[in-house]
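Engineer: So the chains spell out like this:
Number of protein chains: 2
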Amino acid sequence: MESRMFTVITTRRSTRRFKDTPVPEDLLRQVIEAGRYAPSGGNNQTTHFLVIRDENVKEKLAAQAEAAFASMEITPDTYKSLAGSIRASQKGGYVFHYHAPVLVLLANRKDYGNNMADCCCALENMAIMANALDLGSCYINQINWLREDPDMLSYLRELGLKENERVYASLALGYADTADGLPVREALPRKGNDVTWIG
Amino acid sequence: MESRMFTVITTRRSTRRFKDTPVPEDLLRQVIEAGRYAPSGGNNQTTHFLVIRDENVKEKLAAQAEAAFASMEITPDTYKSLAGSIRASQKGGYVFHYHAPVLVLLANRKDYGNNMADCCCALENMAIMANALDLGSCYINQINWLREDPDMLSYLRELGLKENERVYASLALGYADTADGLPVREALPRKGNDVTWIG
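From first to last, the protein sequence lines stand for chains A and B.
Mapped onto my numbering, the consecutive letters of the first sequence carry residue numbers 953 to 1151.
Mapped onto my numbering, the consecutive letters of the second sequence carry residue numbers 953 to 1151.
Simulated from the structure, these hints should not be mistaken for laboratory data.
Please note that a few of the clues may not be correct.
Treat identical chains as interchangeable: a pair holds within one or across any two.
[To be verified] When the alpha-carbon atoms are kept at most 20 Å apart in a straight line, the in silico DMTMM-like pairs for lysine to aspartate or glutamate are as follows:
#1 971 to 1007
#2 1143 to 1101
#3 1032 to 1063
#4 1012 to 1146
#5 1062 to 1146
#6 1143 to 972
#7 1012 to 1100
#8 1143 to 985
#9 1062 to 1011
#10 1062 to 1029
#11 1032 to 978
#12 1062 to 977
#13 1012 to 1103
#14 1114 to 1138
#15 1114 to 1146
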């Protein structure tokens, strides 16, 4: 029985090419519900899920992110994935969400100590649930990196972000653009993530 | 088929009373492996799992945490769960890990932008896998809060933490101390974790 569960968890891979096919409403709701049932610090339940399917909104988010990244400078301390976004944005045509049919932003209260942790646990629940439902997903950091960008913040507030909330994680979601529409699932051996056994 | 996955995710609850019964080795390895397969920023795989079963080590960790919390002051800005640990430690007899048979610490490089996110995704994979295997688990923040405490850091390094690593999340794991040894699983309706639909 539980080999199925183990398989779903270990075959989750990042999907970065999506079909245009919409995600069926009942599957999307299962994925969001899975996220809502993640643990939270002191059972606070203050994660706020912004579920974006509107093409215009996704386009505007991509354009705003590109503009923000394009104006940044890369220093030796810049996190390598962020440096990649800056370079791609300066080149132009950068769409951080891979045109996924659904983009879920996970926000939380900025003055709450478990904000990042709660959002990440919710995100992982959604990624696992998506894989179980034959949907591809990808962890997205870009909105998170622009958490305090005034233009981004102002637009997110138009979309429903509350005054005291910030985005801590995001998930791109949809059917993988593969021949069979299924996510690539070959479970890759781990090269890192070391384990130290104590007792 | 996938109603099983949805059920496993939505019935995961925090277990805070554990039986002394050890976690069978094969189940523990499945839980850790599930954690190792979580996504990581740029596929970095730098999460380091410290799996603690040694009773003396768990006791020493509890005593060190108690001493550190007991010396802290509560201010109006103190996160309420941390304030709880401080109060309990000042009172005495505080054991942050609930005497769970297994305590897993998740560490990562302190200069890596996705350290907290990666550890939390790994932790959630483990919590879900544990529930699927009839094991109880609880998200633990206390070592995380003492991340830079010099005494704690020094002891963790004796246990195998690397110089540039810090602890970002922990999981208590074991059989629940209930009549049937199964975790309490009633899926509680969410009171928060709001969803905003955009398109």
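Engineer: How do residue 1143 and residue 985 come out at 20 Å by Cα distance, when the copy is not named: within, between, both, or neither?
Structural biologist: Classified as between: cross-chain Cα gap 13 Å, same-chain 32 Å, threshold 20 Å.
Engineer: Have a look at residue 1012 and residue 1146 and pick one of within, between, both or neither, based on CA distance no larger than 20 Å.
Structural biologist: Result: close neither inside a copy nor across copies, 40 Å intra and 23 Å inter.
Engineer: First find the shortest C-alpha distance between residue 1032 and residue 978 inside one copy, then the shortest across copies, and answer within, between, both or neither for a cut-off of 20 Å.
Structural biologist: Neither way: residue 1032 and residue 978 sit 37 Å apart in one copy and 37 Å across, limit 20 Å.
Engineer: Indicate which option fits the pair residue 1012, residue 1103 if close means a Cα-Cα distance not exceeding 20 Å: within, between, both or neither.
Structural biologist: Classified as within; 11 Å inside a copy, 49 Å across copies.
Engineer: Could you place residue 1062 and residue 1029 in one of the four classes (within, between, both, neither) given a Cα distance threshold of 20 Å?
Structural biologist: For residue 1062 and residue 1029, the Cα distance is within 20 Å only across copies (13 Å; inside one copy 24 Å).
Engineer: For the identical chains here, do residue 1062 and residue 1146 meet the 20 Å Cα criterion within one copy, between copies, both, or neither?
Structural biologist: This pair counts as between: shortest inter-copy Cα distance 16 Å, intra-copy 32 Å.
Engineer: Is it within a copy, between copies, both, or neither that the alpha carbon of residue 971 lies no farther than 20 Å from that of residue 1007?
Structural biologist: within (14 Å within a copy, 52 Å between copies)
Engineer: At most 20 Å between alpha carbons: which applies to residue 1062 and residue 977, within, between, both or neither?
Structural biologist: Classified as neither: same-chain Cα gap 30 Å, cross-chain 40 Å, threshold 20 Å.
Engineer: Checking residue 1032 and residue 1063: alpha-carbon separation at most 20 Å within a copy, between copies, both or neither?
Structural biologist: between (27 Å within a copy, 12 Å between copies)
Engineer: At 20 Å max between alpha carbons, let me know whether residue 1143 reaches residue 1101 within a copy, between copies, both or neither.
Structural biologist: neither (35 Å within a copy, 30 Å between copies)
Engineer: Given identical chains, is residue 1143 near residue 972, meaning Cα to Cα at most 20 Å, within a copy, between copies, both, or neither?
Structural biologist: neither (33 Å within a copy, 34 Å between copies)
Engineer: For residue 1012 and residue 1100, with the copy left unspecified, which applies at a CA distance of at most 20 Å: within, between, both, or neither?
Structural biologist: within (17 Å within a copy, 41 Å between copies)
Hints 2, 4, 6, 9, 11, 12, 14 from the earlier list are contradicted by this structure; the remaining hints agree with it.
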